[in-house]
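Could you put together the complete structure from these sequences and hints?
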Amino acid sequence: MSELYTTCYVGLASFTILIWDHLLTFSEEVEFVWKKKKGPLIYLFFINRYLTPLGFCVNLIAYFSDYFTPDTSVCRHFVRFEGSMTLIGINVTAVMMFLRIYAIYEGRKSVVFALATLLLAEFAVNASLLTYGIAVKHTVRIHACTMIFDQSKVHGVFAAASAWLPLLYETAVLALTLLRTYQHAKDASAGRVMRILVKEGLLYFSVIFSITLILTLMIISAPDGLKNVAAQTEYL
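Counted the way full-length UniProt numbering counts, the sequence shown spans residues 1 to 236.
It is possible that part of the hints are untrue.
[Stated by the list, open to error] Straight line, CA to CA, 27 Å or less: simulated DSSO-like cross-link-like pairs of lysine-lysine:
id, residue 1, residue 2
1, 38, 199
2, 35, 199
3, 109, 38
4, 137, 153
5, 37, 199
6, 199, 36
7, 109, 199
These aren't lab readings, by the way, just hints derived from the structure by calculation.
Right, dumping it as structure tokens:
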């Protein structure tokens with residue numbers, strides 16, 4: 001029961017932070033996104049911005065509703081949905097980071113190819129792991145539906161690849177950004193833009209690193225009901 005409460009509380013807290021962030025930044029979004037020329041990056045932003053809260057709402061319903069129980073077909077289908085939404089959210093952001101690196105490296109094929117290969121590997125492994133998603137087994141008195149990986153088929157470091165592979169990709173993005181900043185340090189105009197990218201990148205990376213490290217350790221060693229609880233914060 002305590003594991004379920006933890007899942008629900010973390011879910012509610014994460015959703016509250018997500019909505020609060022939307023409210024705080026909505027005016028800037030209208031000014032700098034809605035009124036600008038639309039392109040691939042803008043559409044990816046909209047997917048990440050609005051699909052995530054909708055998916056989160058479904059997750060919260062599954063956590064609290066008596067209709068979603070581990071023994072029902074609804075729950076068995078839901079765990080795939082929950083994993084898919086996390087996969088989409090992570091990789092939409094990853095593609096946005098990829099487009100940033102593509103832009104600042106001016107299409108240098110070796111860098112773009114290496115990063116694209118890492119991104120595709122991360123997506124392929126996570127999509128593969130998703131096929132092993134099952135519902136957490138609770139006692140008969142508990143009605144809730146959350147996903148874990150089938151421990152009889154995937155466990156340990158391989159199961160935790162759903163967390164550490166995205167972290168590896170983000171680390172590569174940050175390293176490439178820092179390298180490009182150093183290369184443009186003497187260019188006043190370009191250097192200013194790159195410094196802003198580094199500042200934002202370091203802030204983003206510090207948050208993602210903390211969350212992903214916790215998630216990796218929990219997937220490896222936490223009880224079944226808590227293994228993926230930190231994954232809810234990845235929606236942010």
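Open item on the list: Checking each numbered hint in turn, tell me which of them this model violates, lowest number first.
Closed with: No hint contradicted; all consistent.
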